[in-house]
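Engineer: Each chain is listed here by its residues.
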Amino acid sequence: MNKIFFILIQLVFFIAVAPLLSGLISKIKNSLRMRKGQSILQPYYNLAKLFSKGEVVSATASWVFRITPFIVIASTLCAASLIPVFIFPASLNYLGDFLALIFILALGRFFLALAGLDTGSSFGGMGSSREMFISSLVEPVLCLVIFSVSLRSGSTSLAAFSAVGAAPVTFIIAGAALFLITLAETSRIPVDNQETHLELTMVHEAMILEYSGRSLALIEMASYVKQMIFFLLIAQIVFPVSLPVSVNPLQVIFWAIWFLARLAIVAISVAVVEVSVAKMRLFRVADFLGFAFVLGIIAGICAILGV
Amino acid sequence: MLNLFPKQFFLFDPLALFFLAVIFIVSLPSAIYAIGYFSPKANPPAAERGEYSPGKITLSWFLLVIFILSMAAVVTAANALIFLIVWEIMSLVSYFLVVFDTTHEKSIRAGAIYIIMTHIGTAFLIAAFMMMYRHAHTFDFFALKNACQSIPPQIKNLIFLLLLVGFGTKAGIVPLHIWLPYAHPQAPSHISSIMSGVMIKTAIYGIIRFVIFVLGVNSSWWGILILILALISCLVGVIYALMEHDLKRLLAYHSVENIGIILLGVGLSMFFISLNLPYLAVFSLIAGLYHLVNHAIFKGLLFLCAGSVYKATGTRDIEKLGGLIKKMPQTALYFLIGAMAISALPPLNGFVSEWLTLQAFFLGAFKVTGGVKLFLGVCASLLALTGGLAAACFVKAFGITFLALPRSNHAKAAQEVPLAMRAGMFFLALLTVIFGLSAALIMKLLARITGSVTGIDISNMGFSLNNFILQPQAGKGIYLSPALLALVLIALGIAGFAVYRLTGRKKAVIFNTWDCGYYKVDARNEYTATAFSKPLRIAFSFFLLPYRKTQKIRESFYHVKSFTYETHTTPVFRKYAYEPLVGLVMRAAKFMRRIQPGSIHLYLLYIFVTVLLLIIFMNKF
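Just so you know, the sequences run in chain order U and B.
In case it helps, numbering that gives the first Met the number 0 puts the first sequence at residues 0 to 306.
In case it helps, numbering that gives the first Met the number 0 puts the second sequence at residues 0 to 620.
If we strip away everything but chain B, and leave its shape as in the complex, we get (with noise of 0.2 Å):
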């Protein structure tokens, strides 16, 4: 009865190969980059930054490992049970690196957060494989799918709910997005950007593989439903991001908001599916994949740069920097290459998928009839608007990060990072580079995976011209070629050159700042992040909901020394949903206590009735 031992271990069809893939991109970069994060020469002695014990070196390479093995795990793996213990293994590593700087406070915390998290998320997915188990009597894959089809459509709806929460907690969608602006920043950089961009991966992988190959989408609420969610990802991510002034968390939570935008695509996708229309949901899930490798490049490369930062200053409070384009200009120009991709800038990878994302939805506009056609305008305009304030958080966080002066002496004394860093940064930013000038051929290549997960036909989807020029739909006169644009950028750029040397041979005097003749500009005149994102912080007040603190310093009652200022951001689901949660929790643990007073007569009564209520439950059912 019980047929728990797997037919296959391991499946390596084009989803598991793809998802293989993109976690080697990422995973080879940030090892060769670990090696000179870890080097000592990279640590000007100071204990913040990071310095770590010969055993503990050892120990972050066996975990580094451990983590990549059980990710390629993950995805490879042809049976629930095995996928269910590879999970685990994947969470429990991730944990012990995100707590790997265990001098620091802030790391026990934020993995505690993660630990909980992550594994209510795996108790529903048990939840959801268990009532899969029901029906197909195996953890096979494939004999799950087949057992999926005469499950009836209810039961259908609780599975996917249960998936859906399980892998939603893994990818940080919100509002169960909590753990992750506290866990990845926390981790070594190559760590975070292994988390960032390939862990939370493997949740979407989950949906992809569970929900649309397993299950079956047979209801349009579900693609809808996810849409919903996705879009409230991507904005709430986003807006916290520009609130951020530390340069890792606020990375995290542009990841929140990329899973959405993924997420955007795999939900139309199933949309489309539940509507039965095939080249549509081929596309949207193309758009999705497209957008899920790109954001392993940008988010990882990101991250590599900011751990460059950070190795190199000691702090991740961007508010404390400035002017590192001048001490460290490879790093500058990497996390340039990154912000670019990251603010769907042409002709880089983010702008092909963000502009396909865009492209699925006005298609599916044109196609479907009636309120739905609004609804997904709406949602394209939403996903316009994240991609506006994406922008906007990136030249924040590169323009204080790196440009004008430092403000500083940490920044002022920074230095360029070792080649092992330099050259694990350089590998991400000339991908970013190759998969936005290539996209006709990765669209191919995606077309034919998504044809095999979805069971679509794709032999006669066209999707691009002469293998540089993408073509959304056949006929509809949509181009868009990546490579193209870049030429022709190039050339205008060329052409300006050459008129701004034409047109005068005079070198440019080299002077001070416009200081409206009164004082020499320093840093202290300098826009902060925290002046920045002010007018956005009261554009979206009614969500934010920010306070501030000022307090006056008096030497006596008639003068007043100094003031304090301080403003702050109401973190809105801590408060009003976590905490008021982790109280309910903690109130009932409290009243359960009284059935433990610790006498042995008790406890033997509870094991009879426990016994007895069993046995009849038994009889029952």
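Here chain U stands alone, though its shape is the one from the complex (with noise of 0.2 Å):
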């Protein structure tokens, strides 16, 4: 019972802290282009909003349609559910490791393409293609990283990887593996762009266009925690802390800042690389992920070798 209290405070913690993170980085984004831009409490307003409207469904689509957001959002939460925020490694997570967390997350994906053919538009047939290519690419380099990361703790569980001490080179490269990735995952520029409805350029938005009111909410509220979950494990890999222990208010509140702290650097470290680089051509991410995975290899050796 004390599990399941811990896995709803963690979740509404996720679903709490997950749009500041797209605000806060659209703000930094904002302020490098020397723009005033908009709140950073922005995505907040836009769900609000969302959950207000009304909503229209295509003639077109069938039930698939209908019941992806919530496929998505739930299989996003499970997934969230398996990081070690709030759970101490001393409580057991049966749920799945970290392996788990590629195919649970790969759950909402597959119907979010689908969703994006159902309707029989082009632009959700080209963004469900596009992402079904470029998340294809993307599973062995997270599963190279999660390679890497867990030859030290011996382990894919995902508490133990925290638990261990830190093998910097190999945590580092495997961090930079998985930045790349993330900015795959997670549309950033230079593979997709969150800010443009232009058909060429565009790979999530394509696939969700058709999606309004409510069913956008969710769907939107699933990415921004998909975003945390990647953030959240490239602080984990890159700055490995290990849990409190003890329920000692300072430590705890020096905990949270830290915490917080660290998704705030990945985030600034997401801003500035979308200011600084340009969007490449859907073909040259083969290339993007291509590196990816050659530093995952290098983490993997590096891992090896024990630095």
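Keep in mind that a hint or two might mislead.
[To be verified] Ranges between beta-carbon positions, derived for each pair:
hint, chain 1, residue 1, chain 2, residue 2, range
1, U, 260, B, 422, 58 to 64 Å
2, B, 464, U, 58, 46 to 52 Å
3, B, 496, U, 171, 26 to 32 Å
4, B, 581, U, 305, 50 to 56 Å
5, B, 585, U, 280, 43 to 49 Å
6, U, 58, B, 563, 28 to 34 Å
7, B, 504, U, 37, 28 to 34 Å
8, U, 283, B, 549, 22 to 28 Å
9, B, 369, U, 283, 34 to 40 Å
10, U, 51, B, 558, 51 to 57 Å
11, U, 290, B, 220, 31 to 37 Å
12, U, 305, B, 549, 53 to 59 Å
13, U, 58, B, 567, 31 to 37 Å
Everything labelled a hint here was simulated from the structure, so no lab data went into it.
Note that beta-carbon positions come from the ideal geometry of N, C-alpha and C, so glycine has one too.
Mind assembling these two chains? They're in different frames, but the hints should get you there.
Structural biologist: Right, dumping it as structure tokens:
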């Protein structure tokens, strides 16, 4: 019972904080471009607006289109419940491990891609095709990252890898590889662009183009949570920190600040990358992810050498 | 001296029983499905939809029974000679089933490729069994097993290679897969389902029975060779499947891929046996066998669904389909379940076995030392790539076939298939879910089977906790519980739905798809399968070697009336390996024809010379 309580707190935490990261990134991007930009809380306003709006569903769409938002939010939150934030290493997570995380996230993506095809619009199909192309190339890199990180702890358990001591080189290179695939997974420049609705460039946005109102709100929420999952994983790998063992208030407060600061650091890096590089052609993404794959292999070699 | 008569005809050990179960799990629903498939009601009058005469239907039932029985005999034979005989019956009967639609020229061609390849495979098997016989002087499995311990390693290596080629041909390992994508789709759908679901698994049975059980693994390169071949099969299978737009052939290519995944488990197990890591050997073989039964179930299911689509529309080309989810809601649901399972999505069965296989790689990498660690890690990541590509492929297969608007009149006129066909699909879809959720129980069962094959004591290996949590290795903190996962997913989905209902009560407005404000969207605007797979065709162009044909049809020099545009990929294996080989054989045959001029004197000379040579040979050796 205790564990379910912790998981619930964790999910609430994810839902509460995840949109803030997107707001933060867009604020930083605008600041770097010398613009005033929208408020950091804009994602919350957007969600509130979407939840209050009516919804239009395509006449072509089937039930797959209707249930997709719920499957997407369920799979993303399920993945979020695997990440050790409040669930202490001592309390074991029977749901699944780091590898299961890949598959759980794939569930939501699979249905999103189907929903993109379901409406019969070319935009949706284009988005689905590109999304599946990118995600299928992301998976081997993610697997290599898990491999190199878990070699040290000897386990693919998510709680275990944050508990072992740092192997600086491995973790930094693995973190870099994870950073690159995070850009791809969270539709960031140079792979995708969240700010555009131009058919030649959009990937994720094209796939969900037909969604509106509350369904869109759920999907947007899921994207924010997914982004936070990836940011947390990067933070956990590059700045490994063990969770507080005692309930000493000072220690908990310090941990909480550091915890959020790490997320902010990742968000700032993403923002800086987004303003400083141009979006690449879709077919170049294969090279980009190929580079990430090589980084993953290097991380694996470093892990074997024990550095 | 010659001891051909078997002491024991059949053997029912745990491995044989397991395969027997797999055979009947898929054959039973396929047979029920066949009732509907052959019923005349299902056939709107169209010749190409496969209307058979009553005599032919009776023949098909007869062949089906022989086919199933021969497969059952293959996995229970206790003697290599009996094994070969029933193996050959199985191959021949399946040949007749491949060419069952004799009106199709394609069937005859596919059958020819199939029967040639399968006999080449059998020839290798015969050679391997002969070599074992030389040492054992009997064909009984247990006697062979004992004799194999005294065979020198070089001979053992040779026997292993012969067995690998022999069984690999049947399993469809790349580059011996060439027949599989032709033969499997050409048979009637319930037969495709049995062939892809079960028949190719008998080859895996052969590898486990003869290499692991009889021969005994003694060098680590055996396992590594199988791993590499399996990985190539995975990737080649899935990449070709992505380019394929014939629904049944797409599934056949996925069989190549999935055989690869099964062999990853088997190969890893052999590798760990040679390294003397019994725990991991058992675990990897469990992963392989689990994927084997899962693949049998979901591939059987998918082939049955594809057959229903074919029955309802008369076409297998997914570019001409679409919108079937509204016309055939049940078939669509079953296909979706199958597609989710083969794409390894939680909490279905494909997810569990792929997770176990990945876990086997990881656990192995934690145990071994040095460069092998990296090898296993890279293998695991390529398996993940395969999984990602398979998901992309099934988004395409399901999305283009069942979603959006119908792309042809055939698809528009489709109707749901009769009850018997739906019943067969329902049964397999149900098993897909059950085999996912009850993973921990199945794991226990499989542990007993692998224990008996490898001769490893499994009594103190705890693979599961509380009967619903998988635990690959105790004390590592690695858990997976598909049942719990399903529960959490459903709970969160309901929570999402509750939020959706509570935040607004307005019903969704049904309106046209956004058409950029210009004209009504119709089926011509839809994304096609060719377009869907284009990014991957470009990413893998180094292997697929795509080329296009464009042709301008002109009315006059100035006015182009229309364009035709085709895009193709080069079949690398056929073009660069098989066609030169066939050319060589044909040239050799032409050359050899010279020694057969038709003169009886010359032929008498040949006989004399042959006898002379044989006498010399017998005296010398």
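Engineer: Given the hint of 50 to 56 Å, is the C-beta distance from residue 581/B to residue 305/U inside that range or not?
Structural biologist: 53 Å, holds
Engineer: Does 43 to 49 Å hold as the CB distance between residue 585/B and residue 280/U, or does it fail?
Structural biologist: 46 Å, holds
Engineer: Is the hinted range of 28 to 34 Å satisfied by the C-beta distance from residue 504/B to residue 37/U?
Structural biologist: 30 Å, holds
Engineer: Does the Cβ-Cβ separation between residue 496/B and residue 171/U fall within 26 to 32 Å?
Structural biologist: 42 Å, violated
Engineer: Return holds or violated for the Cβ distance of residue 369/B and residue 283/U against the range 34 to 40 Å.
Structural biologist: Given about 35 Å between the Cβ atoms, the range holds.
Engineer: Within 31 to 37 Å or not, the Cβ separation of residue 58/U and residue 567/B?
Structural biologist: Distance hint for residue 58/U, residue 567/B holds at roughly 36 Å.
Engineer: The hint says 31 to 37 Å between residue 290/U and residue 220/B; measuring C-beta to C-beta, is that right?
Structural biologist: 32 Å, holds
Engineer: Do the beta carbons of residue 260/U and residue 422/B sit within 58 to 64 Å of each other?
Structural biologist: 59 Å, holds
Engineer: Check the following: the C-beta atoms of residue 464/B and residue 58/U are separated by a distance inside 46 to 52 Å.
Structural biologist: 49 Å, holds
Engineer: Just tell me: holds or violated, for the beta carbon distance of residue 283/U and residue 549/B against 22 to 28 Å?
Structural biologist: Since the Cβ atoms of residue 283/U and residue 549/B sit about 25 Å apart, the hinted range of 22 to 28 Å holds.
Engineer: Kindly confirm whether 51 to 57 Å is satisfied by the beta carbon distance between residue 51/U and residue 558/B.
Structural biologist: 56 Å, holds
Engineer: Between residue 305/U and residue 549/B, is the Cβ distance one that fits in 53 to 59 Å?
Structural biologist: 56 Å, holds
The structure is inconsistent with hint 3 alone, although it conforms to all the rest.
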